[in-house]
Amino acid sequence: MATFGNLSARLTDTFKNLRAKGKLSAADIDGTVREIRRALLEADVALDVVKEFTAKVRERALGDEVNRALNPAQQVVQIVNDELIGILGGEQRRLEFAKKPPTVVMLAGLQGAGKTTLAGKLAKWLREQGHTPLLVACDLQRPNAVTQLGVVAEQAGAAFFAPEPGNGVGDPVKVAKLGVAEAKNKQYDFVIVDTAGRLGVDAEMMRQAADIRKAIEPDEVLFVIDAMIGQDAVATAQAFQQGVDFTGVVLTKLDGDARGGAALSIRGVTGKPILFASTGEGLGDFEPFHPDRMASRILDLGDVLTLIEQAQQTFDEEEARKVAEKIASDQFTLDDFLGQMQQLRGAGSLKKMMGMLPGMGKMKEQLDNFDEREILHTEAIIQAMTPAERQNPKILNGSRRLRIAKGSGMTVTDVNSLVQRFEQAAKMMKTVARGGVPQIPGMGPMPGMGHGGKRKQQPKKKAGSRSGNPAKRAQEQAGLAAKPADSGSGFGLGSASATPTEQDLAKLQQMLGKGLR
Amino acid sequence: MAERSWSIANVFRGVFSASEKITDDTWDDLETALITADFGPDITDSVLGQLRAEADRHRVTEVKELRRMLREAIEERLAAFDPTLKLSERPAVILVVGVNGVGKTTTIGKFANYLKTFDKRIIVGAADTFRAAAVEQLATWADRAGVDIVRPQQQGQDPASVAFQTVERAVREGYDIAIIDTAGRLQTKGGLMDELSKVRRVIEKQAPISEVLLVLDATTGQNGLAQAEAFIEHAGVTGLVLTKLDGSAKGGFVLAVQQNTGLPIKLVGQGEGIGDLTGFTPHVFAQQLIG
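Chains as they are written, first to last, in the working numbering: chain A, 1 to 517; chain B, 1001 to 1291.
Treat the hints as calculated values from the structure; they're not laboratory data.
Fair warning: this is a prediction, and the values are worked out from it, not measured in the lab.
Think of the CB as a built atom: it goes at the ideal place given N, C-alpha and C, for glycine as much as any other residue.
Take these hints with a grain of salt, some might be off.
Stated by the list, open to error - If you want the ones that stay clear, here's a sample from chain A, every Cβ over 10 Å from chain B, calculated:
#1 23
#2 28
#3 56
#4 63
#5 326
#6 394
#7 420
Said to hold, decoys possible - A short, non-exhaustive set of chain A residues, derived as facing chain B with CB atoms under 7 Å:
#8 42
#9 47
#10 201
Take the sequences, apply the hints, and build the full model.
In structure tokens form, the structure reads like this:
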């Protein structure tokens, strides 16, 4: 998951200076625009795109809409958000399918952009949706690229076609053609053609790529590009646009701390949509790209939608409903707590998920210090309890607690604090389940003004998105109101599942309580 | 098609061509050019500030003169560090690190071939046990360069143990130089960076490490700085290798990296051929950059 940490932090700082003001002067806006310009340049956004972007923001910020707005500073944030979404491409675009299978997808890009790995990720993703992809090895240049694709294909459980051994031997155009024919024969409905990495300035290699494109007439040509690329993104993207006329872009290595300038540049320069983002080394670290969500992430408004989707993928709905009932009827036990925690761990790295919560950009550092092993400790403590104790924590007396502490290798204090947190959490969740606003104990009412680590707890109640800070609240509501409108399909499950989802988030909060204190 | 002979001169050809007087536009164009070459806002400001001061002091009014000053300023900054490789230990152990896809394995192939011309006995260690077919890729390069290779004994073996075995064999069989490939890792992955520290510790049990080379991709933007800082912390980098300089990117960000970390650029990669690796000369680099 991209964090866009630094870009977010810069922009958030910039906006903080604005927030205090009731009325904005032209000088304020100029200063802000200058800061935005610098933040974007530091994030490697192409200069032309930066110029265009800042000009638009400036023009709109000086216009009527800001002056008439109740909170001009908020309005500026909103304008930046709108413009970011605009540059990132507005609506999400899906992969174009051929009318008559197979759908042919060709991958192209610089050396080391991550094409071969991406081929595997794409294949896995397609397979999960019930397609039968065939991977075709047309990178006959780099030593053992063919072998690598073979291994990746096996990991993804996809078919693999490589008539040539590679390492400089064989004609990639012919292989591509044969690959498509093979797919037609054997009824694969997707063909993914991996090509050799090439530089934009290498005329001969670009011609080869163009020849492959001509030979197989792909339904999608995906330009694979490293999110860490600098200003050269423009020259490279233009070279590939002229060379192979790609139809979409895939951003890779978004899990680094690159500030994602490439995402803005490429879309701004070529006008081609970003289809996918690749966010890790595992074959499953791959997701469709949502411009609106990315904009929120850049502005540190959080990406609650993706978080909820990920949660929904992992959490067993039936299980969640049962837990919800238990909570409502006051029967929530440590066993359920443990089960939920294990499910949550299955959802992937907590840090990753927390990074998607609103306002988390500021806490990036504390987030980095957060030790996921804390969760393991909590698990150990619960597992050291007897079934009876888990059912009814009230029977936990001093000697039982001592035994549990010894059994789990923790101290009695740890056990005490776990029990205490469990009770608080159970109480809080009951309130949420009944539709109330949770009063989270031990927390100041003002997000962003908390003390020390406790701050981190606040964003978690954003399931209902209520911030104590009026400025922030307006911002969140603006963000949330805009989001479900165009990509709310992730919610799809309707009100039935809304309760568990809220609890999932509450659970997250509760567990983090300890690790982050 | 991107221009092959890219340089700042081409980017703002208009600025440096005619014998014009320096105006505000000149400075704007200069800023644009430096930013477009990935120097980053900080270095750009600092270089421009320096140039402005000098231009004032020497009463420079001609744009042409400014160009020479810019080249000298950049060359001076680049030359502030010593680019020589220190390979005097026997065996000289070289650890090659970097993020994914910057060209570590390719660089090792080219580097081994280059060292071979000095009549050295060289061994490479395939400690990238993570990525699919990375070992085979290195083996192909070792074959081309005509050097020996230590492979992992089983799939997914601990990279530190491969590194250990490589150095062990280098010591035992009297190799002059041992080059160790590592898996690409993003600098934000704490666990993987720790693994690198471990590789380093394990090697040092047998022989001191002569050089830890961080490979940087010339197309990288300002993120290169974050990469360098993280790798210095975890792997004790001693020098930089800049790859893919044959493309349209010229890697202006290395100036920021050099300046902030004090690490010299030691090697430059300019193509996929086995001979496409050279030492770093500030003069040539500045020339290419400014034109």
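Here is how each hint holds up against the structure:
no. : hint : verdict
1   : 23   : holds (30 Å)
2   : 28   : holds (21 Å)
3   : 56   : holds (19 Å)
4   : 63   : holds (26 Å)
5   : 326  : holds (36 Å)
6   : 394  : holds (40 Å)
7   : 420  : holds (30 Å)
8   : 42   : holds (6 Å)
9   : 47   : holds (5 Å)
10  : 201  : holds (5 Å)
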